[in-house]
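Quick mapping for you: the protein sequence lines, in order, are chains A and B.
For the working numbering, add 630 to where a residue sits in the first sequence, where the first one is 1.
For the working numbering, add 630 to where a residue sits in the second sequence, where the first one is 1.
Hint data in this document are derived by calculation from the structure and do not stem from the laboratory.
No distinction is drawn between identical chains; accordingly, a pair holds when it is met within one copy or between any pair of copies.
PhoX-like mimics (lysine-lysine), calculated; alpha carbons at most 25 angstroms apart, straight line:
| hint | residue 1 | residue 2 |
| --- | --- | --- |
| 1 | Lys895 | Lys976 |
| 2 | Lys1045 | Lys867 |
| 3 | Lys1016 | Lys962 |
| 4 | Lys1089 | Lys1061 |
| 5 | Lys969 | Lys690 |
| 6 | Lys731 | Lys746 |
| 7 | Lys944 | Lys969 |
| 8 | Lys680 | Lys690 |
What follows is each chain in one-letter form.
Number of protein chains: 2
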Amino acid sequence: MAKELKNFTKRADNYSQWYNELVVKADLAEQSAVRGCMVIKPYGYAIWEKMQQTLDKMFKETGVQNAYFPLLIPKSFLCREAEHVEGFAKECAVVTHYRLKNDPDGTGVIVDPAAKLEEELIIRPTSETIIWGTYKNWIHSWRDLPLLCNQWANVMRWEMRTRMFLRTAEFLWQEGHCAHATAEESEARTVQMINLYAEFCEKYMAMPVIIGVKSANERFAGALNTYTIEAMMQDGKALQSGTSHNLGQNFAKAFDVTFVNKENKPEYVWANSWGVSTRLMGALIMTHSDDNGLVLPPHLAPIQVVIVPIYKDKAGLDAISEKVLPLVDELKRMGISVKYDDADNKRPGFKFADYEIKGVPVRLAIGARDLEEGTVELMRRDTLEKESCKFEGIAGHIASLLEDIQRNLLDKAKKRREEMTYTVDSYDEFKEKIEKGGFVLAHWDGTTETEEKIKEDTKATLRCIPLDGDTTPGVCVLTGKPSKQRVIFARNY
Amino acid sequence: MAKELKNFTKRADNYSQWYNELVVKADLAEQSAVRGCMVIKPYGYAIWEKMQQTLDKMFKETGVQNAYFPLLIPKSFLCREAEHVEGFAKECAVVTHYRLKNDPDGTGVIVDPAAKLEEELIIRPTSETIIWGTYKNWIHSWRDLPLLCNQWANVMRWEMRTRMFLRTAEFLWQEGHCAHATAEESEARTVQMINLYAEFCEKYMAMPVIIGVKSANERFAGALNTYTIEAMMQDGKALQSGTSHNLGQNFAKAFDVTFVNKENKPEYVWANSWGVSTRLMGALIMTHSDDNGLVLPPHLAPIQVVIVPIYKDKAGLDAISEKVLPLVDELKRMGISVKYDDADNKRPGFKFADYEIKGVPVRLAIGARDLEEGTVELMRRDTLEKESCKFEGIAGHIASLLEDIQRNLLDKAKKRREEMTYTVDSYDEFKEKIEKGGFVLAHWDGTTETEEKIKEDTKATLRCIPLDGDTTPGVCVLTGKPSKQRVIFARNY
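This is chain A alone, in the form it adopts within the complex:
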């Protein structure tokens, strides 16, 4: 069984298949009976919960409050903002009826034609429309601003090609929707939130990201400006991990949301929205995991330490438990989540393989010989290194090791990104590097036309115009026209 668990596709052989197998074998998620929708299994959900709790706390520290808006959106709402409807109203789940009835042939139920809705309802693909329809009643004066709401919710987009966590028809996310009295304040909040996401990715996911601005072509439907964080996966592809949109007054105008300013004059409200989703789970998996399974950064691991006893009989187990249980208590008091797996229906070898594939950062194994010698075997998941440690003082050692693993994963990911980021000045070199995989820093003439031609030639998309990139001007790698700064191209998820 232990061998079977480990026996799956290697990254080098087929990165995409490796990912799909890993998601299932690590017990994170699986396909459901509904096309494009996944079931998030308990172990996968526990990781998502840690992400949620951390982000939620970070949001609240900036003054954001949670609320909940309806799942269903009247079709007419989507049409209020002209660009938005183009971007979102197309591939979505449409509710047309509100009742089933017994099939006259007696074999099941059918849609009751008498229960047709007057106006169809859409399962939210995103909630700007329903929320700005609501904000109209909440905002009257400058005293009501800023209004800083977030919701944790499920959304649905009828994607044609789906992959677990990365692109699913239904997914879980948070969407923040802020209303401000001035353009400056709204822009500042838009930037604040993309920075918050970047901080979360680095500090908790151990995943470095590049903060940048999307080109007009890749902008959110209805936004003036979209900020993005782009991460690099191990195969060199980019994964857009979070976005923050400055919506200007577009939605306020579409839903007629005005406020009386301090000068007692009516004015349209300024808006932004920002979100991250269960897609971050895909990013987390693909950033750190290896051919042996999942690798989790300690800050997001549901189980940070697992302790496996190796024993022959009940007396042997009792002796180990007597030694281990106080350590379990000590680790818990230190805020470290620990599992003592003394289940007797699985062999130690199976347990080792299972926790390895599930990415538990630190594994301790302890047997009769260890008891005699006052030692314990310790394995760190990131490097798979084993060492025999003194049992005494092991808790302190584990605490610092967890921090070391967290740091090491971030460093490794940063190093890989550096190694796979190329600065190019010719289109031949551009194509060569894109084919090799990685981020390509190139000059671009600023037009959608060029962006699309490059995509057609190379399957690479313009990921972002990096905020802290090199701003030396140059000439476009494709057209030779002037360019203000290098931008990032990559193939992407």
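Chain A is already provided as a structure; the job is to place chain B on it using the hints.
Positioned in the frame of chain A, the structure of chain B alone reads:
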């Protein structure tokens, strides 16, 4: 403004209207643009979050893990369990198409007839079917059991008459779905969870409940047995606040979920499911609130203490702040959530009324005279009593006062329930007491026929057969036939 806030319907005049107004005026929720769906506003959502966090912790302490299952359920899944489809497949939102397209007349979007789903999808009214369809792949051996999953999710039932929190088309809830190897274990879990709900209601919501069994007529569609907790609102009506269902092997049989038992023989799995919803918000509101607005038990109040400074000028405010800020820190360190409301765009009178209507348990007011005298004015929301207290040592006083308020609210609710619970032996008396409002303990012959006749005559329903009720036999209040024990009748929400 302060007066206007308070100027709403009194309970004695129109209890139902009082409730509807209170939900809006206390900023808890409001109707949305979608029929029967509400928007849960930040203040209301903050209370729900406290409920969620507390329940989630209690669930996890019993070994339950969270997971997430799809929002949409294939129509055919609903038909697998015969009783279940009767109960749930009728009034529900049906997704029939997956795309909109531009209206040829150019004015908006219409459903694309080419994008009709082969099989319609239902927005989950509850998830037994999709979950047991999934469990089939998760359960093979007795080693896989018990499987204890819960999900926090939105569900939808196309109710004809809706009321905020009490009965809405979309609502938020948790649904636990457990799988066991034996009937005994499954029954024990079913009872464990209804007891857990009762404990939550008493300890956190300060709301006493009666634990009982539903009659066959009121049982969950597809269950062998439904346990319920029934609470009494101030108008004497019952509110079903949570249920736990022993599903026997019905869903395992419908979805062919078997396991190999310790004797190596295949056997159908035993199931239970249990849930509470945002309906608890309605219960919380109606149990404690008064003609001045919401009254919150301290254990669920997002703000437990509010401090309002009363000052004439900046210097006055600074002097107060200097005194108050260390108290704010002290209270926070004690784990008490406190808000120091020094906003200068609202008068103290407005603030008093606003926090009163929002049910903040303890209010402190402090002015120049208080500073001189080393005092502070304290008001407790449950009794509206004011007292002038010494500022020194006020934190400790507040901590014990919060516990006192929590206890007092529970005692008050218990006392009211006692006073409004009647033991009757004749049908005339039954009708009289039901008309008066309250719980009526009466003998019943055990038939659905009698239950329905009583409902027709009096609008009272059989709420439950109480678990720890008086089991002295008697004769049915309507038919005179033998009865094993008294059961509870009441009008209900």
